[in-house]
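Engineer: In case you want the letters, here they are:
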Amino acid sequence: MLSSNKDQQVAPGVFVSPEHPSMFLGRRLFLRYAGFTVAASGLLMACSSTETVQVTPTIVDLGSGDTGILNYAYALEQLEAAFYTQVVATPYANMSADEKTILTEIRDHEIIHREFFKAAIGSSAIIGLTPNFSTINFSDRSSVLNAAKTFEDLGVGAYNGAGKLIKSADYLTLAGKIVSVEARHAAIIRDLLNPRTAAFAGDDVIDAMGLDKQFTPAQVLPLAQPFVTNKISGANLPV
Amino acid sequence: MNLFNLFSDIEKVDGDVAERVAYYTRRNLFKLGRKATTAMAAPTVLAASLNDAYAQSATVAEVLNFALTLEYLEDEFYRTGLATAGLIAAGDQAVIAQISKHEAAHVALLKGALGTAAMAKPTFKFGNAFSTYPVFLATAQAFEDIGVRAYKGQAGNLLGQAVLTTALQIHSVEARHAAIVRRIRGLKGWISDPAETPAAAYAGEDNVTQATVNVTTLPNVTGIDAARSREAFDEILTRQAVLAIAGAYL
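Top to bottom, those sequences are chains A and B.
With this note's numbering, the residue at position 4 of the first sequence is 4, and numbering never jumps.
With this note's numbering, the residue at position 25 of the second sequence is 25, and numbering never jumps.
Chain A on its own, in the form it takes in the complex:
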């Protein structure tokens, strides 16, 4: 997507111009609109493939109830684990020893989160998703760390917003055990980008009441979708 310098980046590779419909549509409507755009571009990709038969991508349905929320978390953890696995496998130029240690440990945390959810959900778990990180330049420090920041902040907001949708106190506590680790990741990644500033919990992510972000699945999924080849549906999730 082309972007002018007036555009705001809302996710890596996703720009919104001040004239964009999102600026005068409500946020919810915009996210629906963005979801439509993603679906349409997936269709274009299918059309441009060399095969003559148009392939309809299988929709991955996260499911309903607490299982649906766990699958939602599982999907996000899959995305993060795949991202950091790539980061560590193909380190950007001049990655410091400190950065390598941090990124490797975060990778391991995310793999453990992913495998934990898979085991905990059992036979109701969604399939392994195929990531699409084509908008991220893994050889560039800034691209990688800014993508990491986006994923971590989004993950924190996703868990924060999903808490109220969980019916089981045990699962709620479990989500709490993970979200604070994601928040630790976010703070450290942000400190790598802007060392020893307010950025670790910057005013861009913490509001005047001292509150972190919270997002509904309907807000998160359209932002995560561009990084996943499979079409994810949260249509049956609790609201």
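Covered stretches of chain B, going by a simulated chain A footprint (3 or more residues, C-beta under 8 angstroms):
1) 93-102
2) 155-164
3) 171-182
4) 206-213
5) 217-227
6) 230-238
No lab work stands behind these hints: they were computed from the structure.
Remember, it's a predicted structure, so these values are computed and weren't measured experimentally.
Ideal Cβ placement from N, Cα and C applies to all residues, glycine included.
Based on these hints, arrange chain B on the given structure of chain A.
Structural biologist: Coordinates of chain B only, in the frame set by chain A:
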């Protein structure tokens, strides 16, 4: 006095401290019971949801007053630290000021939410916490990691309550604080060593069984150090455990 002595003191059987904590808890309960009917008019962003909660039980207000206690503690701690000349390294001022700003906002938010049910700020004793920068940072780390564990421990009590989301939004901010303070101290941002001090603050952090799943023996984690399994999940602290630790500062 050494910071860690403060914590180890409290771990010992100490009748005086136990009495103080018990008094403190009783006082809150009494206060809540007495004020519950007058809390309805609190003109705040959370008042409506809190009123709903009151209709069912006082548990939510108890949880919020418990949180307010910790926020009072942190708020006064950082404000005093920032006001102590020469204490905080120049290069870390922006970080500490940002944390302090959040703690002040949390106090205001919780006080507003509780309205007349909000407990008054206790008088705190910080001992030698402001004597040197390393002691200040060690105390800050303990407060933040305890705060994260304390909020997490109350999540289940807020299940289905509108204030749950707000509590979670504070919880993750405290985790960001904890991570950056740890990093300033040259530690990992995540809780790694189960033998970290003060022991009472990190008790139980060596747990690797989550929802009956042993996270060290999962598929695809072969070769991953067991330390990562401990780090990947922050554990809870009960209200009793937190008050026992905080009792040293009251």
